[in-house]
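Using the sequences and the accompanying hints, generate a full structural model.
Note that the sequence shown covers residues 106 to 199 in the working numbering.
The hints are simulated quantities; they were obtained by calculation from the structure and are not laboratory data. Since the model is a prediction, treat every value here as computed from it, not as a measurement. Hints are all accurate, no fakes.
Derived lysine to aspartate or glutamate pairs resembling DMTMM-like cross-links, with alpha carbons at most 25 Å apart:
1) K160 <-> D130
2) K118 <-> E177
3) K113 <-> E185
4) K135 <-> D163
5) K160 <-> E125
6) K113 <-> E177
7) K120 <-> D136
8) K120 <-> E185
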Amino acid sequence: MVIGVSYKSDLQKTKRVLRETLEKDPRILKDPDMTIGVLTLADSSINFVVRPWCKTADYWAVYFDSMQAIKEALDANGIEIPFPQMDVHLNKIN
Numbered sequence: 106m107v108i109g110v111s112y113k114s115d116l117q118k119t120k121r122v123l124r125e126t127l128e129k130d131p132r133i134l135k136d137p138d139m140t141i142g143v144l145t146l147a148d149s150s151i152n153f154v155v156r157p158w159c160k161t162a163d164y165w166a167v168y169f170d171s172m173q174a175i176k177e178a179l180d181a182n183g184i185e186i187p188f189p190q191m192d193v194h195l196n197k198i199n
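Below you can see the structure in the form of structure tokens.
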């Protein structure tokens, strides 16, 4: 999963919130441990890669539930998920 957060975000807090959120799901395996880290510094966001492990049969349910739980946890912790913006400048030509 790739989760984008605002450049204003506290990265350590974001990483902690992501980990704590996923650790609540008993379908996510403890071994091997999940991977959470900064993947890219993108145009509009800092993108985290989030790689929890689960049984193959649980993959899609864990994926969908995790995405929802992550969104709710980020909102609850004041961590903004940005969206791309474009500034348009209009110049009047006489």
